[in-house]
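Protein chains: 2
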Amino acid sequence: MKDLSVKILAGDPRALARAATAIENRSPAAESLLKELFFHTGRARVLGITGAPGAGKSTLTDQLVHEFRREGKTVGVLAIDPTSPYTGGAVLGDRIRMLSHHADPGVFIRSMATRGHLGGLASATTDMALLLDAAGKEVVLIETVGVGQDEVEVAKLADVTVVVLVPGMGDDVQAIKAGIMEIADIFVINKADQPGADRLEREILALQSLSTRSDGWVPPIIRAVATEGRGVSETRFAIRSFLARADCKSRAVVNWTLRLREMLRERLIEQFANIDFHAAAEEIAERRSDPYTITDGWIKQLRD
Amino acid sequence: MKDLSVKILAGDPRALARAATAIENRSPAAESLLKELFFHTGRARVLGITGAPGAGKSTLTDQLVHEFRREGKTVGVLAIDPTSPYTGGAVLGDRIRMLSHHADPGVFIRSMATRGHLGGLASATTDMALLLDAAGKEVVLIETVGVGQDEVEVAKLADVTVVVLVPGMGDDVQAIKAGIMEIADIFVINKADQPGADRLEREILALQSLSTRSDGWVPPIIRAVATEGRGVSETRFAIRSFLARADCKSRAVVNWTLRLREMLRERLIEQFANIDFHAAAEEIAERRSDPYTITDGWIKQLRD
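Just so you know, the protein sequences line up as chains A and B, in that order.
Residues 411 to 714 (my numbering) are what the first sequence spells out, left to right.
Residues 411 to 714 (my numbering) are what the second sequence spells out, left to right.
Calculated from the structure, these hints are not laboratory results.
Source: prediction; values computed, not measured.
Among these hints, one or two may not hold up.
The list makes no distinction among identical chains, and a pair is therefore deemed to hold if it is satisfied within one copy or across any two copies.
Claimed, not checked - Straight line, CA to CA, 35 Å or less: simulated DSBU-like cross-link-like pairs of lysine-lysine:
hint: 1; residue 1: Lys710; residue 2: Lys659
hint: 2; residue 1: Lys659; residue 2: Lys483
hint: 3; residue 1: Lys412; residue 2: Lys710
hint: 4; residue 1: Lys710; residue 2: Lys445
hint: 5; residue 1: Lys710; residue 2: Lys417
hint: 6; residue 1: Lys566; residue 2: Lys412
hint: 7; residue 1: Lys566; residue 2: Lys483
hint: 8; residue 1: Lys417; residue 2: Lys566
hint: 9; residue 1: Lys483; residue 2: Lys710
hint: 10; residue 1: Lys659; residue 2: Lys412
hint: 11; residue 1: Lys417; residue 2: Lys445
hint: 12; residue 1: Lys417; residue 2: Lys659
Throw the hints in and build the complete structure from the sequences for me.
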């Protein structure tokens with residue numbers, strides 16, 4: 411394990427892949443590894459990229475990876491894939507992505523499936539991002555599909571969050587309302603050569619006019635055609651501008667406050683993994699016991 | 411407290427109102443009261459009524475109350491109101507409803523606001539339903555707006571759940587997909603005199619054809635115009651039919667399994683109410699400690 415952490419700190423991609431698997435499987439060894447690595451983290455910039463399915467997030471992510479590589483920065487990519495029940499689909503996605511960067515040791519790509527994942531996605535993503543940070547990746551890109559609360563939580567873990575939208579999707583405004591508006595530091599209207607880009611921009615502007623952020627930042631709206639590389643350097647510029655003025659320290663504190671709650675919640679659930687809820691429910695349904703005494707008893711058990 | 415429980419078991423409405431307030435405020439006295447009352451519960455039939463805002467749930471609920479009263483049954487109504495941030499709106503709603511039943515001691519109505527409510531809505535609703543059950547209400551109607559996960563959870567607590575839909579709402583099918591389909595024992599198409607009722611029925615039938623329930627029940631689809639009292643007795647008939655063949659014992663066990671998890675979760679959160687997450691997050695952001703050691707420490711504290 412000591413050996414593994416030394417290799418990870420040196421940026422060894424095989425050691426990195428082994429550790430990532432340990433984290434995904436929530437092996438006990440992963441935790442002591444993460445404890446050790448933690449004090450070597452905090453240098454990476456974590457970038458969240460989120461948006462509806464089909465918005466072109468993967469293409470934009472790939473383009474941004476190339477952009478960061480041109481600047482000489484090492485990059486880690488975490489692709490959160492909610493569509494694959496296990497890692498099957500994710501692994502296929504990895505392979506397709508790998509083609510574009512496979513000869514480049516400065517890029518490490520990992521997909522994570524959300525469904526069927528043990529424990530909370532936010533915690534697993536946090537652990538994985540810390541791993542990449544410890545391995546010396548200067549930029550960690552976390553790509554999520556901004557649909558559920560889980561994905562919004564993940565986006566909240568980032569230093570800066572890019573929300574990708576496309577014109578002509580009827581549920582744009584709906585999706586924006588559902589929490590996306592709060593997390594977006596930068597908007598990208600992708601496929602901006604399609605009809606409806608103007609209207610989408612007006613909708614975003616209208617929503618922006620309803621409230622002001624406490625940090626005074628007005629999220630820029632960038633038009634892009636990621637498949638042709640258009641709008642990518644503008645996105646990179648917006649990321650740089652945001653990070654230059656952002657108070658990353660206080661954002662980290664806010665983010666860690668959220669992460670700690672989530673971690674505590676998960677660990678508590680693990681503590682109670684052996685409870686037979688069904689047997690207890692039968693006792694209650696038959697009025698042999700009451701639910702208040704039973705739950706109190708469980709908590710007292712934990713104390714003993 | 412002993413005195414209060416005796417009065418509640420005798421059905422005294424003032425004692426009932428006092429106890430309901432204690433439950434809403436989560437006063438410690440409420441818990442010992444509920445423990446005592448619990449062994450006098452299990453006789454009431456709990457009916458969930460859910461649907462989108464504006465579907466006419468309140469009107470249908472009121473009509474059903476009259477129907478049950480004509481049968482000589484005592485009724486308790488819990489109206490879960492997600493629109494009012496505190497109880498302001500809910501109290502107004504109570505007053506409007508009261509007009510229809512205010513001279514009837516056989517009916518007890520209580521509104522609960524969801525936003526701003528301490529702790530989980532499902533647990534609070536459970537406690538309140540048990541209170542009404544102990545007070546001798548033979549039917550407990552729980553009216554919720556079936557939008558969020560919370561409301562779906564509440565619906566799962568009932569012996570039978572009625573889902574109210576109206577024609578012409580574009581998001582009908584959307585709402586049905588979002589978990590409503592699984593919880594509906596009976597569908598009511600309210601405002602069935604409006605255009606689109608046929609189409610809505612076809613949509614429900616189409617969704618029903620996709621899966622069969624393990625209990626073999628096919629939820630009936632009833633057309634109603636609740637403001638004119640149409641479809642109300644048909645709904646009552648469907649409720650009776652469902653309950654007559656339903657395995658209420660195993661449903662209660664399933665429901666209690668869910669409730670126990672929720673109760674345990676809430677009680678655990680209470681145990682950790684004094685944690686200063688922000689201070690811990692600062693320690694972590696400055697790399698003075700790691701999140702794994704900190705969360706482990708909290709859990710160890712609980713054990714001591």
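Evaluation of the provided hints:
In the homo-oligomer, the alpha carbons of Lys710 and Lys659 lie at most 35 Å apart only across protomers (29 Å), although the nearest pairing inside one protomer, at 39 Å, exceeds that limit. In this assembly of identical chains, the alpha carbons of Lys659 and Lys483 lie at most 35 Å apart only when taken from the same copy (22 Å versus 62 Å across copies). In this homomeric assembly, Lys412 and Lys710 come within 35 Å of each other (Cα to Cα) only across copies, at 26 Å, whereas the closest approach inside a single copy is 37 Å. For a Cα distance limit of 35 Å, the shortest separation of Lys710 from Lys445 qualifies both inside one copy, at 29 Å, and across copies, at 17 Å.
In this assembly of identical chains, Lys710 and Lys417 lie within 35 Å of each other by CA distance solely across copies; the values are 32 Å between and 43 Å within a copy. Within a single copy, Lys566 and Lys412 get their C-alpha atoms as close as 31 Å, which meets the 35 Å cut-off; across copies the closest is 49 Å, which misses it. Taking the closest pair of Cα atoms, Lys566 and Lys483 come within 35 Å of each other only inside a single copy of the chain (23 Å); across copies the shortest separation is 51 Å, beyond that limit. For a Cα distance limit of 35 Å, the shortest separation of Lys417 from Lys566 inside one copy, 30 Å, qualifies, whereas the shortest one across copies, 50 Å, does not.
In this assembly of identical chains, the alpha carbons of Lys483 and Lys710 never lie at most 35 Å apart, being 51 Å within a copy and 41 Å across copies at closest. Within a single copy, Lys659 and Lys412 get their C-alpha atoms as close as 30 Å, which meets the 35 Å cut-off; across copies the closest is 54 Å, which misses it. Within a single copy, Lys417 and Lys445 get their C-alpha atoms as close as 15 Å, which meets the 35 Å cut-off; across copies the closest is 57 Å, which misses it. Only within a single protomer do Lys417 and Lys659 lie at most 35 Å apart by alpha-carbon distance; the minimum there is 29 Å, versus 57 Å between protomers.
Hint 9 alone, counting from the list given before, is not met by this structure.
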